[in-house]
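Chemist: Read off the chains here:
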Amino acid sequence: ETGVTQSPTHLIKTRGQQVTLRCSSQSGHNTVSWYQQALGQGPQFIFQYYREEENGRGNFPPRFSGLQFPNYSSELNVNALELDDSALYLCASSRYNTDTQYFGPGTRLTVL
Amino acid sequence: SQQGEEDPQALSIQEGENATMNCSYKTSINNLQWYRQNSGRGLVHLILIRSNEREKHSGRLRVTLDTSKKSSSLLITASRAADTASYFCATDFKAAGNKLTFGGGTRVLVKP
Numbered sequence: 004e005t006g007v008t009q010s011p012t013h014l015i016k017t018r019g020q021q022v023t024l025r026c027s028s029q030s031g032h033n034t035v036s037w038y039q040q041a042l043g044q045g046p047q048f049i050f051q052y053y054r055e056e057e058n059g060r061g062n063f064p065p066r067f068s069g070l071q072f073p074n075y076s077s078e079l080n081v082n083a084l085e086l087d088d089s090a091l092y093l094c095a096s097s098r099y100n101t102d103t104q105y106f107g108p109g110t111r112l113t114v115l
Numbered sequence: 010s011q012q013g014e015e016d017p018q019a020l021s022i023q024e025g026e027n028a029t030m031n032c033s034y035k036t037s038i039n040n041l042q043w044y045r046q047n048s049g050r051g052l053v054h055l056i057l058i059r060s061n062e063r064e065k066h067s068g069r070l071r072v073t074l075d076t077s078k079k080s081s082s083l084l085i086t087a088s089r090a091a092d093t094a095s096y097f098c099a100t101d102f103k104a105a106g107n108k109l110t111f112g113g114g115t116r117v118l119v120k121p
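Protein chains in written order, with the numbering used here: chain C, 4 to 115; chain H, 10 to 121.
The set of hints was computed from the structure by calculation and includes no laboratory data.
Backbone N, C-alpha and C define an ideal beta-carbon position, used for all residues, glycine too.
Treat the hints with care, since some could be wrong.
Calculated from the model, a selection of chain C residues having no Cβ within reach of chain H, i.e. all distances over 10 Å [stated by the list, open to error]:
id	residue
1	Thr34
2	Pro65
3	Ala83
4	Leu86
5	Asp102
6	Gln104
7	Arg111
So the derived label-pair ranges between C-beta atoms look like this [to be verified]:
id	chain 1	residue 1	chain 2	residue 2	range
8	C	Arg66	H	Gly49	18 to 26 Å
9	H	Asn61	C	Leu42	34 to 42 Å
10	C	Ser68	H	Arg50	22 to 30 Å
11	C	Glu57	H	Ser33	28 to 36 Å
With the rest of the complex left out, here is chain H:
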């Protein structure tokens, strides 16, 4: 399967702590994207990192990409209760052409 795999499957932290989740994939990609989903609703695009990039920042989010290891990580710093959600990585494989393949997601609970 080309599906990305995420770990951990679930994460529980206190408000103010950092949350880190990881994504691994199997074949060459054009880019990797992270999405957030609240309570089974629509997906919100967080950040996109291209295959020739190694790190990107957006506000409290930091994403890294290691194409040699075929893995990415998403770090949320200074977490808030509002960050409670499921987070998914999605890969745009080179053979696919903008058809996203999602991982199983990491469910993050931020306790106040």
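In isolation and in its complexed conformation, chain C is listed as follows:
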């Protein structure tokens, strides 16, 4: 167990809806990164949050947005869901500018 928790575990939405995924970081960690993992592929970096600000973003459209709270927990929001958004969404926490990221168990999102 890494101490990183995510909720919910599974989620089913329909195309066009909006979704919010949540992540609680490991104690002592102030940085949260989000990744999208499509079935059969490796994770892809979405964005990273540090001190409640976005600190880098991958190749994802603006309908993917996030927040980080003062307790370092984080949310990933996806608007106008598309079928291709169906994936496992992973969050990872770390201390800022340290090497190792610790991953949560993920949220499995299905868009119908």
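Following the hints, position chain H against chain C.
Modeler: Just chain H now, with coordinates in the frame of chain C:
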């Protein structure tokens, strides 16, 4: 693309045999990390090797890094059925700053 490429994509071995998988990447890195994933769940960090290191060991795991060839290998010795999982390499590129870029993974099946 800066994504690491892994081979083989899949590997099937008998318990007790060694498993070797390789990862190649394209640009300069700070470090390279290997993760394990069981059945689409969260990623477990296995080992990190820095760009100035050539080899690291952790239990039954041995990782090598050749920065001149931009490649790394992960060796699992004396494999067990519990080693059945997907294994991913992730690179922390110098320009990225602790935002990991994952390969497509190697799916390892260890038969008892």
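Chemist: Could you run down the list of hints and mark each one as holding or not?
Modeler: The hints, checked one at a time:
The beta carbon of threonine 34/C is not kept farther than 10 Å from every beta carbon of chain H, the shortest such distance being approximately 8 Å. No Cβ of chain H approaches the Cβ of proline 65/C within 10 Å, the least distance being about 18 Å, so the stated non-interface status holds. For alanine 83/C, the shortest C-beta to C-beta distance to chain H comes to about 25 Å, beyond the 10 Å cut-off, and the non-interface label holds. Every beta carbon of chain H lies more than 10 Å from that of leucine 86/C, the smallest distance being close to 19 Å; the non-interface claim holds.
Under the 10 Å C-beta cut-off, the non-interface status given to aspartate 102/C relative to chain H is violated; the minimum distance is some 6 Å. Against chain H, the non-interface label of glutamine 104/C is violated: not every CB pair exceeds 10 Å, the least being about 7 Å. Distance check for arginine 111/C against chain H: the nearest CB is about 7 Å away, which does not clear 10 Å, and the non-interface claim fails. Judged by the Cβ atoms, the range 18 to 26 Å given for arginine 66/C and glycine 49/H holds: they are separated by roughly 24 Å.
At about 36 Å, the beta-carbon gap between asparagine 61/H and leucine 42/C stays in the expected band of 34 to 42 Å. For serine 68/C and arginine 50/H, the hinted distance range of 22 to 30 Å is satisfied, since their beta carbons lie about 26 Å from each other. In this structure the hint that glutamate 57/C and serine 33/H lie 28 to 36 Å apart at CB holds, the actual value being about 30 Å.
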